[in-house]
Amino acid sequence: MKYIYILIFFSACLLSNEYEVGYGYKVNDRLHISGYISTEYSVGNGYNKFEFDDFALLAYGSLSPKFSYFVELEASSLYSYDFGTRVSHKNMITHVERAYVDYSVSNTYKIRLGKQITPIGYWNYEPINVLRDTTSNPVYSYRMFPKLLSGIDLYGSVTEDNHFNYHVFIQASKDLDEEALNIKSVYFYGLSLNYDINTFASLGGSVGNYKIRNTNQIVSLFQFNAKYKNDVGEIKTEFAYNSVNDDTLNTNKQSFVGYLQGKYNINEKHALISRYEYINEEDIRHIAILGYSYRPIYAVSLKAEYQVHPDALHDKILMSFSILF
Amino acid sequence: MRYLLILIILVGILHAKEDVKIKISVSSSCKLTTLDRMEIKEIFLKKREYLDGELIIVLDNPDKLVYRQFVKIYIHKTIREMKAYWMRMLFTGKTIPPEKLLLTKFNKDNDNMCYISYFRKNTKLKHWKTLEIR
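For the protein sequence lines, the chains are A and B, in the order given.
Read the first sequence against this note's numbering and you will find it ends at 325, with the numbers running on by one and no gaps.
Read the second sequence against this note's numbering and you will find it ends at 134, with the numbers running on by one and no gaps.
Hints are computed from structural coordinates only; laboratory data are not their basis.
C-beta: ideal position from N, C-alpha, C; glycine also.
One or more hints might be untrue.
[What the hints assert, rightly or not] Partial chain B-side listing against chain A, Cβ under 7 Å, derived:
#, residue
1, Arg48
2, Lys83
3, Ala84
4, Tyr85
5, Met87
6, Thr92
7, Gly93
8, Ile96
9, Lys129
Here chain A stands alone, though its shape is the one from the complex (with noise of 0.2 Å):
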């Protein structure tokens, strides 16, 4: 009976004025409820496997003009079959992806504070499947720094045109909530900035220290982005360098790892996407991936790709449908 009235409330929220594809359902002035599902197939060596992957809902407002914010629970790896085997998996855990408060003071001075994407680079930007133009992430994007934050970032525009942006923050405490977080940190800070060249480029870069926890691992990160886009399509590439010290071990680790994409617009809904990525931590390993991307609309997304590994073992194609609504 339940998702009965759970199915008359969404269809409601959908039918109604007040509800706009991508934006999401108005509740009143200060809340819009919205979210997003995602969905993927992988076909590898030994597997076969659908996976209903993300569900997640969004809260947002502004509380005050100068005052907002913004709250995602997700629910992450909900389902899984593999046809091979034919063995599923459930999981109904959900978890706060995101929740925070944003505070303006001034173009140069805007403050975040709760659990937040950590601001570096493009692809960290991008944690929804919708959003990217591949199903799969570069090892870049989970191996190098942690995606998500609980602290404080102080942002803003450095020049009056607002080409030159700051971020500067620190997470001194526990994560607001550790599940499905890539790295788990003691504390985390840095410093990044963003450059819009023009309305086509950009560059930027940025510099953190974190303590992983459970262990005496200290790392510093140095990292880098680029970007080109105009109508014919983009290319852009981010690379990170990690040192790692060990205290305890007394040891010094390195690791460089980066991707290089680069995209076609064949028009306004269909994509040609390619991208290579090296990733040198204690062997140097290479990954090259062709890719397809399809939106009927923009909050609309299907993709397929075809990954090739240096073991072929590891080759897979993926598949991926997912929406915002």
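Start from chain A and add chain B according to the hints.
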């Protein structure tokens, strides 16, 4: 019946092609009197929220024809690109899209905030002033 249908379609096409003359106005409490085209673009994309220390609150006109014309002339984007831009801004957490303008609510001189929006040139507004575009 066939001629009636053709007429309806023609009227529809002509209506869709209609070029609406636009003016950009701010609420009377704003200090702003003039803007250049780059500033308009940056303000309406919420890349710039303050001008000369004054917080400017963007309101989108709910009239689809006016919106389309404004986006074409001042933002240089298609409606699809504009929607994509706001969805991207929203879901990446960079900023939230502007509220829609309700004249019944904002045609009053009841607060000291600086609102900015765009209107058909012949719209009569109380407590709003039209900006000079440099």
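Checked hints:
no.: 1; hint: Arg48; in the structure: 5 Å, holds
no.: 2; hint: Lys83; in the structure: 6 Å, holds
no.: 3; hint: Ala84; in the structure: 4 Å, holds
no.: 4; hint: Tyr85; in the structure: 9 Å, violated
no.: 5; hint: Met87; in the structure: 4 Å, holds
no.: 6; hint: Thr92; in the structure: 4 Å, holds
no.: 7; hint: Gly93; in the structure: 6 Å, holds
no.: 8; hint: Ile96; in the structure: 6 Å, holds
no.: 9; hint: Lys129; in the structure: 19 Å, violated
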